[in-house]
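Chains as they are written, first to last, in full-length UniProt numbering: chain A, 1 to 242; chain B, 1 to 242.
Keep in mind the hints are simulated off the structure, nothing from the lab.
In this text, all values refer to a predicted model and were calculated from it rather than measured experimentally.
Among the hints, a few may not be true.
The list cannot tell twin chains apart, which means a pair is met if one copy fits it or any two copies do.
What the hints assert, rightly or not - Using 20 Å as the maximum straight-line C-alpha spacing, the simulated EDC-like pairs for lysine to aspartate or glutamate come out as follows:
no., residue 1, residue 2
1, K43, D137
2, K150, D63
3, K176, D128
4, K150, D175
5, K164, D9
6, K212, D141
7, K224, D157
8, K41, E70
9, K43, D128
10, K41, D71
11, K176, D141
12, K89, E167
13, K43, D138
14, K89, D58
15, K41, E202
16, K150, D6
17, K131, D71
18, K8, D138
19, K212, E62
20, K212, D175
21, K164, D60
22, K36, E81
23, K164, D175
24, K89, D63
25, K212, E191
26, K89, E62
27, K89, D60
28, K212, D138
29, K36, D147
Protein chains: 2
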Amino acid sequence: MTENTDLKDYWENKTRLLPSVSIDCVIFGFHNNQLKILLLKYKNTNYYALPGGFINLDEDLEDAAQRVLEDRTGLKDIYLEQFHVFGCKNRRNDETHQQIMSASGINLKPNHFLLNRFISIGYYALVDFSKVIPTPDDLSDSCQWYDLDKIPHLMFDHNQIFEKALETLRLMIYDKLVGFNLLPTTFTMNEIQNLYETILGEKLVRSNFQRKILSLGILERIEKKMTGAANKAPYLYRFVRD
Amino acid sequence: MTENTDLKDYWENKTRLLPSVSIDCVIFGFHNNQLKILLLKYKNTNYYALPGGFINLDEDLEDAAQRVLEDRTGLKDIYLEQFHVFGCKNRRNDETHQQIMSASGINLKPNHFLLNRFISIGYYALVDFSKVIPTPDDLSDSCQWYDLDKIPHLMFDHNQIFEKALETLRLMIYDKLVGFNLLPTTFTMNEIQNLYETILGEKLVRSNFQRKILSLGILERIEKKMTGAANKAPYLYRFVRD
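Could you build the full structure based on these sequences and the hints that come with them?
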């Protein structure tokens, strides 16, 4: 949708979306030893939000989530994980929604389905920061990375959705290949420990971490990193794909 | 709803339910060394299904799930866990739905919202078999326990929903207090090992299992079970509530 009239028509008149259900994505990237997430800022407002979207009537839920992720990052076929459904009856605020829409020149009729109650299905994704092209959606004018300790107040229950995603990521950290997309193809033990410490928000004892991560059978040791004296060079590792 | 006219009126005319979203519950119980789930059979049909329901417009999602569980089991405040959202575009079959409704004397107009696409939020519950009073819903004439190896063909994607619940339960078996509601208040090491073997569908080595389950810090050893020679009596355990 490049024309504003298309955008207006789409939201005001078309109803090819599944009622009552939205998707919100917590997209994690790792850069300069910081874990970050992507946030949108709605046009002409001070509302920040997680990237999200709706489900087309003829679209599978998982495809809708992949589409949202691709539209905001340019990446295809990224590992996405459903982590929670947010379904409190009062979780959305109609006035906020009307403000956001009218700030983009869209006027929703009072009975428009977008103003009704929605439940939201939360997904998290772990992406390669260097490959992402952050792209705002039709209603927002910025899409940017935010360090986890600098996340602004988000609209609706989006802060809570983010917190739950981080909590799930921490719980799953030794069960899923969380580093797979967050780290470069090869990395040192220091680098992966750094990532784990950043996600967990705490320091880990080197020997314990190394024993644990190696015991999972997900890492393959390849060669020494050649950057000076060979006897001091750390080993490089990569993930074993099964 | 005791009167059939109320039931007819409720489904044919009332629309106080959130569109597009349903709930399906996989309710696990443990009895005679068998893991079982509760299934409904729709009136005057051969359709079997998981207990489920919809969300009232003024009801939180979690409350709706608790209500479904209470209505089918008589139990309140049971630990329920969301495990997956099922959102394929073709997951429901309108004809099946019409058949089920008309077998209960309810005729849905062709544009009735119940005949539209629904996504379903899967919950699993672990309940005390001995306390459950299985209770059919308005559209079904039986609500019964089925051993996991004797589950009939279920309607829609309910077999897949059950499989995913079991898979999740197996993944979580050492992270959650899965035995808490499935076992009596006190139990022997044999009994809890039996439960774990039944859920996992495989035999476990006694010494390994005992070491692992005790290392979780969720069990408290209380006293020997007095049933004969004291030197052969096994210890009893109970769960530590935090």
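Consistency of the hints with the structure:
| no. | hint | in the structure |
| --- | --- | --- |
| 1 | K43 / D137 | within (10 Å within a copy, 48 Å between copies) |
| 2 | K150 / D63 | neither (31 Å within a copy, 34 Å between copies) |
| 3 | K176 / D128 | within (16 Å within a copy, 32 Å between copies) |
| 4 | K150 / D175 | neither (28 Å within a copy, 31 Å between copies) |
| 5 | K164 / D9 | neither (35 Å within a copy, 40 Å between copies) |
| 6 | K212 / D141 | neither (43 Å within a copy, 52 Å between copies) |
| 7 | K224 / D157 | neither (46 Å within a copy, 50 Å between copies) |
| 8 | K41 / E70 | within (18 Å within a copy, 42 Å between copies) |
| 9 | K43 / D128 | neither (27 Å within a copy, 53 Å between copies) |
| 10 | K41 / D71 | within (15 Å within a copy, 44 Å between copies) |
| 11 | K176 / D141 | neither (34 Å within a copy, 43 Å between copies) |
| 12 | K89 / E167 | neither (23 Å within a copy, 30 Å between copies) |
| 13 | K43 / D138 | within (9 Å within a copy, 49 Å between copies) |
| 14 | K89 / D58 | between (26 Å within a copy, 6 Å between copies) |
| 15 | K41 / E202 | neither (30 Å within a copy, 51 Å between copies) |
| 16 | K150 / D6 | neither (35 Å within a copy, 54 Å between copies) |
| 17 | K131 / D71 | within (13 Å within a copy, 50 Å between copies) |
| 18 | K8 / D138 | within (10 Å within a copy, 44 Å between copies) |
| 19 | K212 / E62 | neither (32 Å within a copy, 36 Å between copies) |
| 20 | K212 / D175 | both (11 Å within a copy, 17 Å between copies) |
| 21 | K164 / D60 | between (24 Å within a copy, 18 Å between copies) |
| 22 | K36 / E81 | within (17 Å within a copy, 28 Å between copies) |
| 23 | K164 / D175 | both (17 Å within a copy, 17 Å between copies) |
| 24 | K89 / D63 | between (26 Å within a copy, 10 Å between copies) |
| 25 | K212 / E191 | within (15 Å within a copy, 31 Å between copies) |
| 26 | K89 / E62 | between (24 Å within a copy, 10 Å between copies) |
| 27 | K89 / D60 | between (24 Å within a copy, 5 Å between copies) |
| 28 | K212 / D138 | neither (45 Å within a copy, 52 Å between copies) |
| 29 | K36 / D147 | within (4 Å within a copy, 46 Å between copies) |
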